[in-house]
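So the sequence lines, in the order shown, correspond to chains X and E.
1 is the number of the first residue of the first sequence in full-length UniProt numbering; add one for each residue after it.
1 is the number of the first residue of the second sequence in full-length UniProt numbering; add one for each residue after it.
Treat the hints with care, since some could be wrong.
Pairs involving identical chains hold if they fit within one copy or between any two copies, as the list cannot separate such chains.
[Said to hold, decoys possible] In the DSS-like style, the derived pairs of lysine-lysine whose C-alpha atoms are separated by at most 25 Å in a straight line are:
{"#": "1", "residue 1": "Lys375", "residue 2": "Lys22"}
{"#": "2", "residue 1": "Lys375", "residue 2": "Lys358"}
{"#": "3", "residue 1": "Lys450", "residue 2": "Lys385"}
{"#": "4", "residue 1": "Lys51", "residue 2": "Lys22"}
{"#": "5", "residue 1": "Lys208", "residue 2": "Lys51"}
{"#": "6", "residue 1": "Lys208", "residue 2": "Lys367"}
{"#": "7", "residue 1": "Lys22", "residue 2": "Lys434"}
{"#": "8", "residue 1": "Lys354", "residue 2": "Lys208"}
Keep in mind that the hints were calculated from the coordinates and are not lab data.
Number of protein chains: 2
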Amino acid sequence: MKLIFIFTLVFAAVNCYKYTVKTIDVLLDHFTFTDNVTFPLRYLINDSFVKDHRSPILFYTGNEGDIELFAENTGFVWKVGEELGAIIVFAEHRYYGKSLPFGNQSYSDPRHLGYLTSEQALADFADLIEFLNIDRVRPVICFGGSYGGMLSAWMRLKYPHLVVGALASSAPVRQFTDVVPCDIFNRILTGVFGVALNTTHCVDNIKKLWPVLQNFTSNDAGRKFLNTEFKFCKPINKTEDFETFYDFLQDVFGNLAMANYPYEANFLAPLPAYPVREFCGQMNNKYDKNEDLLTAFNVALQVYTNYTGKVKCLDISSAYDTSMGSQGWDFQACTEMVMPMCANGTTDMFMPKKWDFKEFAADCYKKFQVFPREKCAIAQYGAWKFDTMSNVIFSNGLLDPWSGGGVLRSSNPAVGVIIIPDSAHHFDLRADHKDDTKNIKWARKYYIEKFKEWIETY
Amino acid sequence: MKLIFIFTLVFAAVNCYKYTVKTIDVLLDHFTFTDNVTFPLRYLINDSFVKDHRSPILFYTGNEGDIELFAENTGFVWKVGEELGAIIVFAEHRYYGKSLPFGNQSYSDPRHLGYLTSEQALADFADLIEFLNIDRVRPVICFGGSYGGMLSAWMRLKYPHLVVGALASSAPVRQFTDVVPCDIFNRILTGVFGVALNTTHCVDNIKKLWPVLQNFTSNDAGRKFLNTEFKFCKPINKTEDFETFYDFLQDVFGNLAMANYPYEANFLAPLPAYPVREFCGQMNNKYDKNEDLLTAFNVALQVYTNYTGKVKCLDISSAYDTSMGSQGWDFQACTEMVMPMCANGTTDMFMPKKWDFKEFAADCYKKFQVFPREKCAIAQYGAWKFDTMSNVIFSNGLLDPWSGGGVLRSSNPAVGVIIIPDSAHHFDLRADHKDDTKNIKWARKYYIEKFKEWIETY
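Looking at chain X on its own, in the form it has when it is part of the complex:
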């Protein structure tokens, strides 16, 4: 089981928004004075909507990927920018996209990669905000989805003097050790597949799938069947290949749920409307023979892997687009973003796997020569307590497996909690669409009202 989920969706460029690409020199290490090294951090800016010197700044706190992808695919920020006459900024997160402190050496070892932390990224953003808002007259509102949403909320938490408010969409700020149960992601994910059609066959079939796949991968006849059926780009040829296939499928299931949008879209993969329902529709029968189960599953899987019908073979090396910094996020998850994941095979549809921090840590050391700091993010950001926060909206869709780590209730009236029953992963940040649900429309309207309130009180 792959322990790390990359949980930010990358939207394909359907709109072409206009911006200038700039850089700002930021310190490699904001919190020591051992040296004074800087590197250029990339950001995108559009000030064409600006009305006057008090116009707000909408600041997207970039996450684990190329910032241009986020700019192209976070239509809601562009819409708000135009409506409020704001400066729009998309700031790239260090170590992603083109913001590599050591060029192509950035990922070579911990001496180079060790500066990839959320605290340093927030300090980069703080410096950029100070630079863009030098006389501090403009109210700054942060935006972000997923890890970017966590960063937005944390900007408001740690730099409330720089940021008047934040919209943290699908931000699992509570997805840390002992704050939420480790099986919550897989439980919700299973729930999404369970309610996709008016039957439970789909989930039952997925549960049945694992021992069958494991068995088939363990012998020549089985592997031959699988290779013929699934048409792997690189045919499987040993028992251990099950592990690779399983990791890939876990990601696919997660991505299907995260991207479970009400209209056809092109994300990590081109997908139909409600792709989970489409998937389940293909394996919703009872199958007496294992071969039949596998055949049905192969058809279902193609909802994700081959919706265009043009894919020639199945590549199980990664379920993610190359523009996403999956290696960077792996490192972050192995250092401070330790998000325990487990499954029990009963209340979820996966193979039972306990969360074992020691094993996880050993694995991280093998991969990156670093030791994870299990509770670092909790101490830094206080995953369990939001009573002093203000002007932060946490939004979560209940079709999003990451919602389990989100903020779903608040006794603090200054923290807005928006739950969108029929929304998947940071759907609300997308551009308006004719098939948007009522709930999404309402949420976006609410956000803009709140932004106006924040700006007025600034």
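Since the structure of chain X is provided, determine the placement of chain E on it from the hints.
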């Protein structure tokens, strides 16, 4: 002119409070993963007053000196600890006292000393609080005076999930570039000397002193007079010695004002009640001859340098006790705690000296091979804006030259501003005394009421 003031007073151990000395291993660098080095941070703890598992923790955020000095001399925390049945903790600041990450190599160069920053110190404190309050049931209140007070306020700002409130006494959180005028310290200092007696002769005489001293230091006859009069431990013998003497005297004037308490006390030096008044009482006449001015000044100076009458010679190498980490603070002032200081000789009693950041930076590089980051603390802590803070009390005495950089007004009801007209530098943190003024008594009572409120709402 010495540009850096060490502004925390160290009280001599008049009380003997009981505590256990412990250490906790903290990360040398909390914000990167380039390596995993730790060092033992010292803290003092007394849990003998504890009532139950919900009893609060009173947490002194140590500043630039040996923590035992602060524990011995911050009587108010001990009093509150007893009254509230609290655990009392005094945490040492890294690089001071015995909390030296690299032992006696800690100050050798920026590669070793560069980890001496306030952000790292706050993260040390956060880890210690997490360790002491593992089930997070105990409300934690931070205390600190001067730089320690800044750290207390910043703990609440940056780690509100760990700390329910903070008393920041005489904390110049606004003493940064372009937030307050650079002459404000010297202006207030001059005011304190101006109102010490019902006459302005004292200040006028101090103003006249500088050219006279400068002139006397520049020739043999003058130096002979000065050496005979002041009895320097190391006789002055060249024009440049004026600079050393001037730096020393600036510190003495600052310290006299900071320690301008209503009763005899033994701080950086043994001092009478209201030492500024005592000082001015000795040079309050009009002196026609320069020699008479110098003679009167020598007598006045001994209020600070020789109140016991037992000091044999005048040591002008430092006005500070060796227990204070003056080298460490010099480094902090040369890195992120850049506090511009200037004088004009008109509205203050010093020699005119502009604030010149470039010159300051060059000087810092010469001393420590570091470049100061002029606005780093402002970006990190927002020296101009406190509207999102809550449960913080900023207290300032108007007899304290550092009050100019303190928070003296607030439109935010959750930030308490206590101004004590007749108080000097973090006087309110001291133990009760029979000569305490009404204002001080009232302030301490107010603090305890507030603490109780914070604890109740936790």
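Run the structure past the numbered hints and jot down the numbers of the failing ones, going up.
-> Those not satisfied are hints 5, 6, 7.
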